[in-house]
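Asker: Starting from the given sequences, assemble the full structure and let the hints guide the process.
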Amino acid sequence: MARRSRLGMWFFIVADVAGTIALVISYTYLWSLNVNGGWAPPGATLTASQTNTALPTTPPTASFAVEWPFWAILLVVVAATALMWFGYRSARSGNHAGLLIGAGLSFLVTVAALVFQWIQISTFPFDAGDGAYASAVLLLCASNIFHLLLLLFLGMGIFMRARKGLIDKANWYQAQLTGYYMTWVCVAFLLGAILTTFLVVSPNTDPAIFGTFKQQ
Amino acid sequence: MSVDAAVETKTVFGSEVPQPPQHGAAGGVMRRLNFGTGLVGGIGLATIAGWVTAIITPSSASSDTFAPMEPTYVYLAVLLGWFIGFMLGMGAFVGPLRWVVGRDITHSDAEYMAGKDLGRKRYWKYTTDHKVVGIQYLIVAMLVLGFAGLLAMLIRTELGMTWTSLFTPSFYNSMIGTHGIAMIIGMIVIISGPLGNFIVPMMIGARDMAFPRLNALSLWLFVSAVPMLVSSMFMGGIQDGWSVYYPLAAQAPPGMLGYQLTIIVFAISTAVASVNLMTTILTMRAKGMTWSRTPIFVYGIFAASVMGLYAFPFFQYAQILGLSDRVFNTSFFDPLNGGSVWLYENLFWLLGHPEVYVILIPSMAVALELMPVFLRKPLFSFNFAVAGIVGVVALSGLVWAHHMYMTGWAPAANYPFMLSTELISIPVGFLVLVAIGTFWRGTAWTRLPLMAVYAVVFNKMIGGVTGVYLSDVPADQYFHGSMFVVAHFHYMLMGAGLFGAMAGIAFFFPKMTGRFLDERIGSIGLWTAFVGFQITFMSMFVAGLQGQPRRVLDFDDQFNLSNWISTIGAYVIGIGMLIFLSAIITSWRSGVLASSNPWGSKSLEWQTATPVPLENFPVLPVVTDRPYDYGVPDPYEVEFDSTDEDLTEKVGTK
Numbered sequence: 385m386a387r388r389s390r391l392g393m394w395f396f397i398v399a400d401v402a403g404t405i406a407l408v409i410s411y412t413y414l415w416s417l418n419v420n421g422g423w424a425p426p427g428a429t430l431t432a433s434q435t436n437t438a439l440p441t442t443p444p445t446a447s448f449a450v451e452w453p454f455w456a457i458l459l460v461v462v463a464a465t466a467l468m469w470f471g472y473r474s475a476r477s478g479n480h481a482g483l484l485i486g487a488g489l490s491f492l493v494t495v496a497a498l499v500f501q502w503i504q505i506s507t508f509p510f511d512a513g514d515g516a517y518a519s520a521v522l523l524l525c526a527s528n529i530f531h532l533l534l535l536l537f538l539g540m541g542i543f544m545r546a547r548k549g550l551i552d553k554a555n556w557y558q559a560q561l562t563g564y565y566m567t568w569v570c571v572a573f574l575l576g577a578i579l580t581t582f583l584v585v586s587p588n589t590d591p592a593i594f595g596t597f598k599q600q
Numbered sequence: 061m062s063v064d065a066a067v068e069t070k071t072v073f074g075s076e077v078p079q080p081p082q083h084g085a086a087g088g089v090m091r092r093l094n095f096g097t098g099l100v101g102g103i104g105l106a107t108i109a110g111w112v113t114a115i116i117t118p119s120s121a122s123s124d125t126f127a128p129m130e131p132t133y134v135y136l137a138v139l140l141g142w143f144i145g146f147m148l149g150m151g152a153f154v155g156p157l158r159w160v161v162g163r164d165i166t167h168s169d170a171e172y173m174a175g176k177d178l179g180r181k182r183y184w185k186y187t188t189d190h191k192v193v194g195i196q197y198l199i200v201a202m203l204v205l206g207f208a209g210l211l212a213m214l215i216r217t218e219l220g221m222t223w224t225s226l227f228t229p230s231f232y233n234s235m236i237g238t239h240g241i242a243m244i245i246g247m248i249v250i251i252s253g254p255l256g257n258f259i260v261p262m263m264i265g266a267r268d269m270a271f272p273r274l275n276a277l278s279l280w281l282f283v284s285a286v287p288m289l290v291s292s293m294f295m296g297g298i299q300d301g302w303s304v305y306y307p308l309a310a311q312a313p314p315g316m317l318g319y320q321l322t323i324i325v326f327a328i329s330t331a332v333a334s335v336n337l338m339t340t341i342l343t344m345r346a347k348g349m350t351w352s353r354t355p356i357f358v359y360g361i362f363a364a365s366v367m368g369l370y371a372f373p374f375f376q377y378a379q380i381l382g383l384s385d386r387v388f389n390t391s392f393f394d395p396l397n398g399g400s401v402w403l404y405e406n407l408f409w410l411l412g413h414p415e416v417y418v419i420l421i422p423s424m425a426v427a428l429e430l431m432p433v434f435l436r437k438p439l440f441s442f443n444f445a446v447a448g449i450v451g452v453v454a455l456s457g458l459v460w461a462h463h464m465y466m467t468g469w470a471p472a473a474n475y476p477f478m479l480s481t482e483l484i485s486i487p488v489g490f491l492v493l494v495a496i497g498t499f500w501r502g503t504a505w506t507r508l509p510l511m512a513v514y515a516v517v518f519n520k521m522i523g524g525v526t527g528v529y530l531s532d533v534p535a536d537q538y539f540h541g542s543m544f545v546v547a548h549f550h551y552m553l554m555g556a557g558l559f560g561a562m563a564g565i566a567f568f569f570p571k572m573t574g575r576f577l578d579e580r581i582g583s584i585g586l587w588t589a590f591v592g593f594q595i596t597f598m599s600m601f602v603a604g605l606q607g608q609p610r611r612v613l614d615f616d617d618q619f620n621l622s623n624w625i626s627t628i629g630a631y632v633i634g635i636g637m638l639i640f641l642s643a644i645i646t647s648w649r650s651g652v653l654a655s656s657n658p659w660g661s662k663s664l665e666w667q668t669a670t671p672v673p674l675e676n677f678p679v680l681p682v683v684t685d686r687p688y689d690y691g692v693p694d695p696y697e698v699e700f701d702s703t704d705e706d707l708t709e710k711v712g713t714k
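The listed protein sequences derive, respectively, from chains F and U.
When you read off a place in the first sequence, starting at 1, and then add 384, the result is the number in this note's numbering.
When you read off a place in the second sequence, starting at 1, and then add 60, the result is the number in this note's numbering.
Quick caveat, the hints were computed from the structure, so don't treat them as lab data.
Model, not experiment: these values are computed from the prediction.
One or more hints might be untrue.
To be verified - No more than 27 Å apart at the CA atoms, straight line, and that leaves these computed lysine-lysine pairs for DSS-like:
| id | chain 1 | residue 1 | chain 2 | residue 2 |
| --- | --- | --- | --- | --- |
| 1 | F | LYS553 | U | LYS70 |
| 2 | U | LYS70 | U | LYS347 |
| 3 | U | LYS181 | U | LYS347 |
| 4 | U | LYS70 | F | LYS548 |
| 5 | U | LYS347 | U | LYS662 |
| 6 | U | LYS181 | U | LYS70 |
Answerer: In structure tokens form, the structure reads like this:
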């Protein structure tokens with residue numbers, strides 16, 4: 385059963401990786417094209433050619449997001465993952481108290497990450513309609529929230545099951561699988577932090593100009 | 061293994077297995093949930109969610125381009141309410157919730173969930189037994205295909221009545237889009253769902269799938285998606301073809317939400333099913349079943365699962381981004397705000413083309429699986445067949461942009477994609493050549509399943525050859541967007557895919573139902589549909605070569621004759637399919653009883669009893685031989701090797 389579950393978890397991670405790659409492609413594609421000069425939020429400090437002049441009604445207050453919160457939330461998620469691995473190691477060595485502490489703290493730290501992520505989203509200096517950068521960053525954050533909710537579910541399950549003795553020295557594979565998934569989530573958060581830190585201003589200073597297609 | 065005396069145990073196949081403690085009285089809420097409670101939950105929550113949303117959304121709500129948003133929000137709430145309520149009512153959340161609180165189900169609960177002693181009720185519940193899930197998949201997939209086929213009849217009626225119009229252009233477009241995506245979904249499922257679930261575990265000598273509850277989850281996710289798709293027709297429909305390209309999709313009525321949520325849910329269902337099938341095949345093959353002894357059908361299902369697993373998330377995320385644009389005013393596909401319609405096309409076709417092989421490979425695999433049985437000789441080069449499947453999987457993710465030659469996206473990439481697309485015809489050709497090689501010198505026992513294989517091979521060759529023209533950049537400039545393309549992909553998806561499914565259903569019908577599929581009625585249906593298929597789509601090739609564009613309601617008079625013939629052919633297909641369906645229904649109810657191995661097959665699924673017991677095999681089998689070694693060693697080869705002079709006397713004339 386452990387072997388099957390381990391393989392199943394790896395396959396689920398493959399599907400999740402494919403979805404995350406779709407997000408990364410979306411971000412980098414729009415960043416590199418800067419269609420209509422619409423990548424950056426209207427208030428970002430840019431050269432004239434990089435600014436979207438087709439949005440006269442949008443107040444030019446929106447700008448790029450501050451980078452450090454992406455890294456700070458990543459650090460919190462890494463801490464939650466490390467605690468889960470600590471719990472798993474404790475379970476394998478027969479230290480049940482260590483398992484409970486690791487899994488419990490991992491759950492609490494994940495809750496903290498979720499709160500931080502929500503605060504970050506609610507304090508972004510842009511709205512969803514402020515260009516492609518805003519769209520891409522918001523969806524990366526939505527993906528982060530989805531991942532954190534899954535981690536909350538798994539973390540609570542591991543803690544509750546550990547309390548009931550269903551995870552112990554002889555039966556630890558579910559904690560290990562949760563550790564695998566949390567490690568992958570760290571990688572996904574890292575990708576998001578890299579994108580939002582190093583691929584901010586579009587390199588395309590001569591973007592293509594198209595009309596709008598939205599329903600009038 | 062020592063077991064604590066305080067822990068209750070249960071004897072499972074001769075071993076004492078410790079049981080989790082039973083929490084509360086046996087027969088909790090999950091034993092009371094079924095399809096009826098799912099419907100009540102889904103409709104109830106959808107009604108409440110839609111009502112509340114209508115109250116809290118101001119009727120003046122509009123997008124930044126002044127499009128009214130109230131219908132969009134209400135429809136979205138209704139769809140989400142339906143999905144959550146239905147899955148809740150089916151009992152899909154019981155297992156995960158019990159896991160998270162540490163109240164694992166007992167063996168007795170697991171047996172109940174597997175449908176033990178439940179009779180026909182088990183087909184209406186969240187049953188985990190792979191055989192029940194397989195039958196459920198078969199019924200639902202046939203319903204979806206029937207719905208899509210009905211739309212096809214209406215489309216062909218409209219196109220055939222060149223002197224008048226039956227439908228408004230919007231409704232016609234909506235029928236085209238809904239027909240397309242419903243057929244694609246149905247075709248993806250029609251082999252991998254019923255046969256992948258029912259047959260594969262038995263074929264590899266396993267008692268069930270690796271994750272039985274995920275098996276039920278994938279099925280009911282699929283079921284929950286179907287009403288979403290149908291409902292979109294009442295909300296303005298999917299008017300942009302099955303690919304829903306932007307900017308058309310951005311301008312579409314709220315029915316587009318039905319499409320988007322259908323794809324999002326169906327992609328989750330596919331991922332869950334793929335993980336389950338792949339894990340089952342990799343970890344649960346019987347002792348002795350090495351890769352060279354694993355049936356080719358298992359390879360086909362595994363390959364389809366691999367492609368579904370890596371490719372579907374791109375399609376899913378394309379729809380998530382589109383839904384986000386529509387509901388949250390983001391701008392992934394809106395050029396005014398920095399979005400790009402080419403982004404959508406890339407994400408879409410990253411699944412859109414592998415999906416062709418998700419349909420085609422299981423179909424070819426089922427054909428190759430049953431050919432040795434009816435030709436009583438080994439598969440012609442098992443290794444080449446495996447190489448063909450592996451080659452298709454390896455190249456499937458490198459060909460997507462051949463659908464975008466004419467969009468203006470990256471013209472410099474056209475020729476690499478032309479090369480990769482033409483390359484993929486080589487491994488696909490392996491599969492056709494193995495089929496033809498297996499026919500060679502075979503002693504054909506021409507029963508209904510083998511007849512369907514004849515149809516598959518014929519259609520596959522027509523579809524394959526015409527596909528090579530479309531992969532060619534200069535030729536595609538002429539053919540793109542014409543009826544030639546429509547005829548080509550119908551030869552691949554329907555001609556090879558659906559006829560392959562008919563072969564598989566006819567072949568495995570005795571194992572799935574305990575009765576033979578009526579040979580006479582089934583054959584009449586098969587060949588009627590085949591003849592109608594050739595009339596419809598050969599004529600469509602002609603219309604395409606003449607230059608008739610696809611997805612167009614009114615066309616020039618020069619195309620009238622081709623369209624009249626196509627419409628007549630479509631009615632013939634419809635009649636043939638109805639006859640085949642009647643064969644399935646009547647045979648299921650009162651067909652001739654079949655023995656456990658009526659075809660004399662060597663593979664494992666035929667070696668167990670019919671009806672198949674809950675655990676499939678009383679004792680797990682051990683594989684000692686290859687699956688297709690019919691007539692091996694060849695008596696002539698043996699005699700030549702031993703240089704026996706009196707050959708004819710010993711083995712007779714061949």
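Asker: I'd like to know which numbered hints this structure contradicts. Please list them from smallest to largest.
Answerer: 3
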